[in-house]
Amino acid sequence: MASSATGDGEKARVSILFVCMGNICRSPLAEGILRQGLEQAGLADLVTVDSAGTGNWHQGDAPDPRSMETGRKHGIDISAQRARQITPEDFDRFDMIFAMDRSNEATMRARAPSSHHERIHLFLDHTLGSRADVPDPYHGGADGFEDVYQLLRQGCTELVSRLGRELRQPSG
30 MASSATGDGE KARVSILFVC MGNICRSPLA EGILRQGLEQ AGLADLVTVD
80 SAGTGNWHQG DAPDPRSMET GRKHGIDISA QRARQITPED FDRFDMIFAM
130 DRSNEATMRA RAPSSHHERI HLFLDHTLGS RADVPDPYHG GADGFEDVYQ
180 LLRQGCTELV SRLGRELRQP SG
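The sequence shown maps to residues 30 to 201 in my numbering.
These are computed hints drawn from the structure, not numbers from a lab.
We put the CB at the ideal spot given by N, CA and C, even for glycine.
Please note: incorrect hints may appear among the correct ones.
Unchecked claim - Now the in silico label distances, taken between C-beta atoms and shown as ranges:
(1) Gln179 to Ala91: 14 to 24 Å
(2) Asp121 to Gly170: 33 to 43 Å
(3) Lys102 to Ala73: 31 to 41 Å
(4) Pro164 to Arg197: 31 to 41 Å
Could you build the full structure based on these sequences and the hints that come with them?
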């Protein structure tokens, strides 16, 4: 991870971007889940979290109502988020960029400068060691959104744990 000590001994922020296709289902839910986990762990001030899509079809739209409802059921409000497309600047701004599936991972690797490829990860591979996709629930029912929530929660729980270990280490 790309945290470093600043001149005054404080840890620099780590920046994380979640990416799916349209930025209305998986990535906004992942953003909300991670934000909640970071707050509960006392790490919210040390980590910047955002989400984006590889496509621009939903730019400016709120998350899918089923994602918002799934989040609400678990105490997470993502209704203020708005979809946006990943930009070339995002590859510089974010330390870790998590693709929800292999298709979006490949799209980002094709768009990113090769010097930034190490920042791009398949989410479940990086967090749970599973080279699996977070399935896109868009064309299914509410149960698919709950299944996606559970996968994202497991991965984000592991990510918060790792960030906690790294960000709480004393500077050497």
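Going through the hints against the structure:
{"no.": "1", "hint": "Gln179 to Ala91: 14 to 24 Å", "in the structure": "22 Å, holds"}
{"no.": "2", "hint": "Asp121 to Gly170: 33 to 43 Å", "in the structure": "39 Å, holds"}
{"no.": "3", "hint": "Lys102 to Ala73: 31 to 41 Å", "in the structure": "22 Å, violated"}
{"no.": "4", "hint": "Pro164 to Arg197: 31 to 41 Å", "in the structure": "33 Å, holds"}
The earlier numbered hint that this structure contradicts is number 3, and it is the only one.
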